[in-house]
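Read top to bottom, the protein sequences are chains A and B.
Quick note: the first sequence uses UniProt numbering, first residue 1, plus one each step.
Quick note: the second sequence uses UniProt numbering, first residue 1, plus one each step.
Simulated from the structure, these hints should not be mistaken for lab results.
From the three backbone atoms N, C-alpha and C, an ideal C-beta is built for every residue, glycine too.
Possibly wrong hints are sitting among the right ones.
[Unchecked claim] Ranges between beta-carbon positions, derived for each pair:
{"hint": "1", "chain 1": "B", "residue 1": "406", "chain 2": "A", "residue 2": "235", "range": "22 to 32 Å"}
{"hint": "2", "chain 1": "A", "residue 1": "23", "chain 2": "B", "residue 2": "323", "range": "24 to 34 Å"}
{"hint": "3", "chain 1": "A", "residue 1": "366", "chain 2": "B", "residue 2": "230", "range": "22 to 32 Å"}
{"hint": "4", "chain 1": "A", "residue 1": "65", "chain 2": "B", "residue 2": "332", "range": "36 to 46 Å"}
2 protein chains.
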Amino acid sequence: MTPLKIGIAGLGTVGAGTARLLADNAALIATRAGRPITLTAVSARDKSRDRGIALTGITWHDDALALAADPNVDVVVELIGGSDGPAKALVEAAIAAGRPVVTANKALLAIHGTALAAAAEAAGLPLGFEAAVAGGIPVIKLLREGLAANRVSRVAGILNGTCNYILTTMREEGRDFPEVLADAQALGYAEADPAFDIEGVDAAHKLTILAALAFGQNVDFSAVHIEGIRNISALDISFAEELGYRIKLLGIAQQTPSGVSMRVHPAMVPVSKLLAAVEGVFNAVLMEGDFSGPVFCQGRGAGAGPTASAVVADLIDIARGSKIPVWGAAQAALAPSRPVAISALTGAYYLRLMVTDQPGVLADVTAILRDHGISLESMLQHGRSPGEAVPIVLVTHDTIEAAISAAISRIATLDCVLETPALIRIEPK
Amino acid sequence: MTPLKIGIAGLGTVGAGTARLLADNAALIATRAGRPITLTAVSARDKSRDRGIALTGITWHDDALALAADPNVDVVVELIGGSDGPAKALVEAAIAAGRPVVTANKALLAIHGTALAAAAEAAGLPLGFEAAVAGGIPVIKLLREGLAANRVSRVAGILNGTCNYILTTMREEGRDFPEVLADAQALGYAEADPAFDIEGVDAAHKLTILAALAFGQNVDFSAVHIEGIRNISALDISFAEELGYRIKLLGIAQQTPSGVSMRVHPAMVPVSKLLAAVEGVFNAVLMEGDFSGPVFCQGRGAGAGPTASAVVADLIDIARGSKIPVWGAAQAALAPSRPVAISALTGAYYLRLMVTDQPGVLADVTAILRDHGISLESMLQHGRSPGEAVPIVLVTHDTIEAAISAAISRIATLDCVLETPALIRIEPK
Numbered sequence: 001m002t003p004l005k006i007g008i009a010g011l012g013t014v015g016a017g018t019a020r021l022l023a024d025n026a027a028l029i030a031t032r033a034g035r036p037i038t039l040t041a042v043s044a045r046d047k048s049r050d051r052g053i054a055l056t057g058i059t060w061h062d063d064a065l066a067l068a069a070d071p072n073v074d075v076v077v078e079l080i081g082g083s084d085g086p087a088k089a090l091v092e093a094a095i096a097a098g099r100p101v102v103t104a105n106k107a108l109l110a111i112h113g114t115a116l117a118a119a120a121e122a123a124g125l126p127l128g129f130e131a132a133v134a135g136g137i138p139v140i141k142l143l144r145e146g147l148a149a150n151r152v153s154r155v156a157g158i159l160n161g162t163c164n165y166i167l168t169t170m171r172e173e174g175r176d177f178p179e180v181l182a183d184a185q186a187l188g189y190a191e192a193d194p195a196f197d198i199e200g201v202d203a204a205h206k207l208t209i210l211a212a213l214a215f216g217q218n219v220d221f222s223a224v225h226i227e228g229i230r231n232i233s234a235l236d237i238s239f240a241e242e243l244g245y246r247i248k249l250l251g252i253a254q255q256t257p258s259g260v261s262m263r264v265h266p267a268m269v270p271v272s273k274l275l276a277a278v279e280g281v282f283n284a285v286l287m288e289g290d291f292s293g294p295v296f297c298q299g300r301g302a303g304a305g306p307t308a309s310a311v312v313a314d315l316i317d318i319a320r321g322s323k324i325p326v327w328g329a330a331q332a333a334l335a336p337s338r339p340v341a342i343s344a345l346t347g348a349y350y351l352r353l354m355v356t357d358q359p360g361v362l363a364d365v366t367a368i369l370r371d372h373g374i375s376l377e378s379m380l381q382h383g384r385s386p387g388e389a390v391p392i393v394l395v396t397h398d399t400i401e402a403a404i405s406a407a408i409s410r411i412a413t414l415d416c417v418l419e420t421p422a423l424i425r426i427e428p429k
Numbered sequence: 001m002t003p004l005k006i007g008i009a010g011l012g013t014v015g016a017g018t019a020r021l022l023a024d025n026a027a028l029i030a031t032r033a034g035r036p037i038t039l040t041a042v043s044a045r046d047k048s049r050d051r052g053i054a055l056t057g058i059t060w061h062d063d064a065l066a067l068a069a070d071p072n073v074d075v076v077v078e079l080i081g082g083s084d085g086p087a088k089a090l091v092e093a094a095i096a097a098g099r100p101v102v103t104a105n106k107a108l109l110a111i112h113g114t115a116l117a118a119a120a121e122a123a124g125l126p127l128g129f130e131a132a133v134a135g136g137i138p139v140i141k142l143l144r145e146g147l148a149a150n151r152v153s154r155v156a157g158i159l160n161g162t163c164n165y166i167l168t169t170m171r172e173e174g175r176d177f178p179e180v181l182a183d184a185q186a187l188g189y190a191e192a193d194p195a196f197d198i199e200g201v202d203a204a205h206k207l208t209i210l211a212a213l214a215f216g217q218n219v220d221f222s223a224v225h226i227e228g229i230r231n232i233s234a235l236d237i238s239f240a241e242e243l244g245y246r247i248k249l250l251g252i253a254q255q256t257p258s259g260v261s262m263r264v265h266p267a268m269v270p271v272s273k274l275l276a277a278v279e280g281v282f283n284a285v286l287m288e289g290d291f292s293g294p295v296f297c298q299g300r301g302a303g304a305g306p307t308a309s310a311v312v313a314d315l316i317d318i319a320r321g322s323k324i325p326v327w328g329a330a331q332a333a334l335a336p337s338r339p340v341a342i343s344a345l346t347g348a349y350y351l352r353l354m355v356t357d358q359p360g361v362l363a364d365v366t367a368i369l370r371d372h373g374i375s376l377e378s379m380l381q382h383g384r385s386p387g388e389a390v391p392i393v394l395v396t397h398d399t400i401e402a403a404i405s406a407a408i409s410r411i412a413t414l415d416c417v418l419e420t421p422a423l424i425r426i427e428p429k
């Protein structure tokens, strides 16, 4: 059979892993794809670097754009990364040249996914991005095809392994964020510049993609409310444990009567829930379909092997002639997103205050909560240190976020409140 | 767009659920499938029964075979059940008439899957069976497409919700099998004739299908070692808990140097493992790919909604023109199964004996184990009742199953051993 000829742009961890997978499992892949899938060309910055893969007989292009024009390339695999610049230029050039594209680039898809899908659809080309979300978990396929018959009400996931590793380690070792981050960087679990991960941007890119598939809407990254994990303290993790929760950075997209709420933020997850038990670098996604019921999937969210597994799954689909629309439906059938502001969210909240231990503090705080119509489910205060700073934890009943925000602004102005209050949303039991 | 016209044979819980899903989510399904999917004909035994679905304008056939010949049916959905008889006749007739088939029938696929796939392949027709395994979890798609690039080393699953419900309830309520089964039957979680479920046959059908996909082999139901849960006692469940395990009915297909081991049996699962936490009627599957790493998926394994979700996912794939080979590769590329006998299995074992509490019992038992080269990791005996019957629990180090079987045969003949010894395989930590 005629091989499907692959050109890979970007030979970092994932690019080298994809080349290795195509070589190691070549026979098995040919059987499943119906024909061989062969690496014929690559492009990367430094030709001399040893990547542990044999590049004999494979065309080297210094310029990634040349892959789109190489007559010996049937499918372009974009593993450069970044939402704009060379990655975007390459994907556009490949589609313009009539070549299917497979990419692991969540930023590109989350920001330019509508335009790129429209171009691919107009050209009658597949555009695969299984590797863009949750690595080794085939969650794109699960949501777009496996649950295609369902009206999805909610998708919630642990979508960033770096954050989950840091939060897990903070809990297990009782240590604070800055030192655990430094350790994670030393171990290679966090980037030298960790901002995209720990500020929630990477998770928000992935959530944008999942929300588009789940709700049949155009990608709308700008509508995602994003908070990272910088402000999570060992103290809050310890209080969470006492209250029966684990703190996780969740990405949540949820249908509400007024539109789709999309948000990435730390959340208190009841320990009895599947997402609470996802530890370390693992990713997981929980999808709620109206007929399927809940479907939960957990696996490795990053790394050479899992990401390569997803890239090559897309290549096999293309070799088999799969014709699934990029976003699960024709572009014309997708709706603009109807985002709901985070201020309209309803839920329970964890509020931790550092206060001076003196009479009347709780009366002042609870009076403000009462004035905003917020009632409390529980309160925690350990020990007594008259005149010293002590933490007080308040757990609210369900309330609207606008109310708790307004209440906190006032609470923060009280003389007895010594630090910016910590607010963490609580997932339903 | 021209609708895809569907004929459903069998209007039990799943058939009625599928009709309801096609009606309830018609607009969404049309968007995702690229054209409407319309129910045009049905067949069932009793036309007068109220199934809560509108059948106005839908052709009724008293004979299921007539669906295969109905010119107003594009795809035949077989929901009759049973490995032979009318279900098999209908699927064969539909393929012979050039009509794609979607079925939820695990028995049919596990036993006749090779011949049916060959017929479908020869006719160039899809044969969908997502609904045959694990209901609402799209595990067929996950394994066949999502993990297609991987060499799979092991698939392990909780594949029968009835058994898992019974085991969960026995543990939570400390009750024994017969009364929990009776309750499950009263609640509709177990069939009036529960044999297929509780004896492990249903799980073995599903495991046969997963093994064929995972290892690129022909279905080989007869090679699956099958044990059910009838002999699991509340006492063993309680000892399991003490030792840090939960007892689950697992289906396991595993690559070994000498072939693929396929087995369904109760197993002690370490409480730290994901499969140990799957409770009640839920199903779950853990797949190990060489590049993806472990992928775990949990969801509702049965019932009208989840099964209908899977049936309609297959219909959407067919409407989209998907051309995945039935078993993930061309029939000619599938290997015969190379089954490994259970006697060649290596692992740790839980052994519970009811013995007369008298001096020398343990010496006799451990001498036999020593003679068979079996060493012990731990031993449990609670309290003392000289002259009375007491349970002794022995946990072995890894050993070959042939050795433990031989040892037990000898142990069972000791005068001080009062009942057939209970043996439960232990999953690795």
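Now for the hints, and whether the structure bears them out:
1. 406/B - 235/A: 22 to 32 Å: Between residue 406/B and residue 235/A, where Cβ atoms are some 58 Å apart, the hint is violated.
2. 23/A - 323/B: 24 to 34 Å: This hint holds: roughly 26 Å between Cβ atoms.
3. 366/A - 230/B: 22 to 32 Å: For residue 366/A and residue 230/B the Cβ distance comes to about 58 Å; the hint is violated.
4. 65/A - 332/B: 36 to 46 Å: 41 Å, holds
In the structure shown, a violation is registered for the earlier hints numbered 1, 3, in ascending order.
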